[in-house]
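Q: Could you put the whole structure together from the sequences, leaning on the hints where they help?
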Amino acid sequence: MQLGFLVDLHLCMGCKGCEIACKVENEVPLSTWRLRVKYVDVGTFPETKRTFTPLRCNHCENAPCERICPVSALHYIENGIVNIDKERCIGCAGCVMACPYGAIYIDPETQTADKCTYCAHRIASSMMPACVVACPVEANIFGDLDDPASNISMYIQDHRDVQVRKPEKGTNPHHFYVGAGQVNLNPLASQRIEGYNLFNKITTLPLGGHHE
Amino acid sequence: MIHESLAATHAVVTLDVALPDVFWGWFVTMNMWAKSIGTGLIFMLFLLLRKNSSEMTGLRTSTLIVSFIMMNIFLLFTLADLHQPFRMWHIFFYPHWTSAITVGAWMATVFVGLEFLMIILGFQKKTESFDKLLFWVTLLAIPVTLYTAGIMAEASARELWQMSTESVQMILAATLSGSAAMILLGGSKLSDETKQFFGAILGLSALLAFIIYMSEYIFGGMKSEEVTAILAHVKGNGEYSTMFWIGQWVAYILPMLLVALSRVSKSNSLLSLAAILAIVGLWVVKHVWLVIPQLLPLS
Chain A
1 MQLGFLVDLH LCMGCKGCEI ACKVENEVPL STWRLRVKYV DVGTFPETKR
51 TFTPLRCNHC ENAPCERICP VSALHYIENG IVNIDKERCI GCAGCVMACP
101 YGAIYIDPET QTADKCTYCA HRIASSMMPA CVVACPVEAN IFGDLDDPAS
151 NISMYIQDHR DVQVRKPEKG TNPHHFYVGA GQVNLNPLAS QRIEGYNLFN
201 KITTLPLGGH HE
Chain B
1 MIHESLAATH AVVTLDVALP DVFWGWFVTM NMWAKSIGTG LIFMLFLLLR
51 KNSSEMTGLR TSTLIVSFIM MNIFLLFTLA DLHQPFRMWH IFFYPHWTSA
101 ITVGAWMATV FVGLEFLMII LGFQKKTESF DKLLFWVTLL AIPVTLYTAG
151 IMAEASAREL WQMSTESVQM ILAATLSGSA AMILLGGSKL SDETKQFFGA
201 ILGLSALLAF IIYMSEYIFG GMKSEEVTAI LAHVKGNGEY STMFWIGQWV
251 AYILPMLLVA LSRVSKSNSL LSLAAILAIV GLWVVKHVWL VIPQLLPLS
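Protein sequence lines correspond, in order, to chains A and B.
If you count by UniProt numbering, then the first sequence holds residues 1 to 212, one letter each, in order.
If you count by UniProt numbering, then the second sequence holds residues 1 to 299, one letter each, in order.
Mixed in with the good hints, there may be bad ones.
[Unchecked claim] Just a sample of chain A residues kept apart from chain B, beta carbon distances all over 12 angstroms, derived: (1) D8; (2) L11; (3) V24; (4) N79; (5) T117; (6) R122; (7) A124; (8) M127; (9) A134; (10) D146; (11) S150; (12) I152; (13) M154; (14) Y155.
[What the hints assert, rightly or not] Here are the in silico distance ranges between beta carbons for each label pair: (15) A:N62 / B:I211: 31 to 39 angstroms; (16) A:Y76 / B:K189: 53 to 61 angstroms; (17) B:S62 / A:E87: 38 to 46 angstroms; (18) A:N62 / B:I218: 29 to 37 angstroms; (19) B:R263 / A:D85: 54 to 62 angstroms.
Derived from the structure by calculation, the hints contain no laboratory data.
Heads up, the beta-carbon is just placed ideally off N, CA and C, and yes, glycines get one too.
A: So this is what it looks like as structure tokens:
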């Protein structure tokens, strides 16, 4: 079994329901995200449109984070998920430096690396990941890539524009996008205008939430 | 390429969640800098043994002690950079051997242990055993100084850190700072001829390192748009431009000129100044190259 994820960007409407469901399910601390939705505006007014791209761990078949982790805190489980053992992590941030997708962060509470696990704890109980359940338009499709009859396999067979992020990195991601363009998947294909991003100058509160 | 697509689409990121940009900061710079001096001194001590063993007297133990201190600074900053430093022992009890971090931690530990043994031999005046062990410690110093390049290569999100160039830069950093430290440590114990020998190593290391940096600076961007974007931070009036050029001048260009002048004028003070500049400049050079690839947005 090789579990994988597919997001149909034709369907995604940027509601961020997946983002919030993930934070609630996994108790992701303030100022950090396992899953986040990037907005990119394309075109010149009045000919403009907004695209939404949910970004999470790609659970690569050839995961750089697993390779660089000195203590096997990041490891594969038999269903293909790249899981993390936070009790073992020493917080060297090697995985943060290795992940080409910016999917790993240091949890400010545990001081260890953390990332999307495809809700491995829910999978173990035969439940779907929290973000899949929360999506109101069923843009998130999750399942077994090895099973040709699974929803995700059939979706991949039925669509020609299936892409992964940064294929040139050779990581072989198990996370796919349908309906994506350069601006969605390539961080360098869109501008980041200083002062116009909502989270540009984010204030990170220390634990306890009080400014010093 | 990227500018054309921007003009075509007018694509602007209007909402993204900023993940902290610089994870490996100056602690890691200190780590690389101190390790370069620590291993470099071992290389130079070995060369001194081969070139003129009579000048080893009075330098065996003192050089080893300085190298040992620098290696412990390296270990201290490695430890301090961890978010869970008290779990460091996990590297030894749950080692994951595909990681250059694990391999490096083991090698550095053995290296420091052997250095400690050599210091004891030095104090006991067992010079023969000391010199025999020096050969094996010098051999071990090569992978110890190289493994950081392996870590940087495994950090595959950072396109600028290429194994082929970084590994050469790591060795050159060791020979540059090692020869510089040996010139300063040697003082009157080294003959003028030997000092000029170490001066030549210093000058050549600076030249080669400078050539590699300039090659990456000028031609690196032709290989990947990520490298182009990263180098934009050091080109023109971009962020880190001043720091980059201060590093190149202080670590490489000025020491090269001063080494050349010292050979012409037979001046030891010029050579010492070159050595001090090389050691200080190396920190700046390493820091710029460490930080700038971390500024690239990955999402």
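Q: So, for every hint listed, does it hold in this structure?
A: Status of each hint after checking the structure:
1. D8: For A:D8, whose nearest Cβ neighbour in chain B is about 19 angstroms away, the distance exceeds 12 angstroms, so it holds.
2. L11: Holds, because the least Cβ-Cβ distance between A:L11 and chain B comes to about 19 angstroms, which exceeds 12 angstroms.
3. V24: Since the minimum Cβ distance to chain B is about 16 angstroms, A:V24 lies beyond 12 angstroms and the statement holds.
4. N79: holds (20 angstroms)
5. T117: Per Cβ check, A:T117 is outside 12 angstroms of chain B; nearest 17 angstroms; holds.
6. R122: holds (23 angstroms)
7. A124: holds (22 angstroms)
8. M127: Label holds. Min Cβ-Cβ 26 angstroms, cutoff 12 angstroms.
9. A134: Correct as stated: the minimum Cβ-Cβ distance to chain B is 18 angstroms, above 12 angstroms.
10. D146: holds (24 angstroms)
11. S150: holds (28 angstroms)
12. I152: holds (23 angstroms)
13. M154: Per Cβ check, A:M154 is outside 12 angstroms of chain B; nearest 29 angstroms; holds.
14. Y155: The claim holds: A:Y155 sits with its nearest Cβ about 24 angstroms from chain B, beyond 12 angstroms.
15. A:N62 / B:I211: 31 to 39 angstroms: This hint holds: roughly 34 angstroms between Cβ atoms.
16. A:Y76 / B:K189: 53 to 61 angstroms: Given about 56 angstroms between the Cβ atoms, the range holds.
17. B:S62 / A:E87: 38 to 46 angstroms: Holds, since B:S62 and A:E87 (Cβ atoms, about 44 angstroms apart) stay within the stated range.
18. A:N62 / B:I218: 29 to 37 angstroms: holds (32 angstroms)
19. B:R263 / A:D85: 54 to 62 angstroms: Hint holds: Cβ distance 57 angstroms, inside 54 to 62 angstroms.
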